[in-house]
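Q: Sequences are here, hints too, so could you generate the full structure?
Heads up: the sequence shown begins at 2 in my numbering, then just goes up one per residue.
Since the hints were derived computationally from the structure, they do not count as laboratory data. Honestly, I wouldn't trust all of these hints.
Only pairs whose alpha carbons sit at most 25 Å apart, straight line, appear in this in silico DMTMM-like list of lysine to aspartate or glutamate [what the hints assert, rightly or not]:
id, residue 1, residue 2
1, K41, E28
2, K41, D115
3, K49, D37
4, K128, D115
5, K49, D115
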Amino acid sequence: MTKTIVKIACLLGIFMSFSFGANEFGEAQNIINQADMAGKGVLGTIIKWAFSLALPIICMGGATLMAYTQQKKKAEQQDQNPNKIYFVMGVAAIVGFFLYLIIATIISYALFRDTGYIFNVISTFFKQAVM
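A: Below is the structure:
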């Protein structure tokens with residue numbers, strides 16, 4: 002019984018060595034590696050665009066829009082100066098920018114364990130866009 006198990010193990014070992022040496026799956030592995038690199042490149046581009054353009058527009062635009070709607074209601078109810086709306090919208094945009102910085106820092110730390118890494122990526126993104 003033991004001799005047959007040893008013979009079967011030896012035969013399997015020989016067949017395995019031939020199958021790994023044939024490199025039949027080399028092309029498939031190359032295709033999978035290229036698809037993996039392409040997918041990571043697409044994901045990296047999406048993250049760059051999201052952090053560089055979409056997130057600041059959402060944070061600053063959302064804060065400005067919220068301030069506008071609140072101040073418009075308040076100005077209509079209390080007959081205030083309409084120019085105050087624009088001042089409050091400017092302040093809200095600045096608050097939205099700081100909100101963007103906080104969100105980007107938190108996400109940068111969560112993804113990369115570095116609070117400033119995403120800002121280097123954003124800086125590089127805009128430098129490459131200008132060149």
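Q: Among all the numbered hints in the text so far, which are the ones the structure does not match?
A: none
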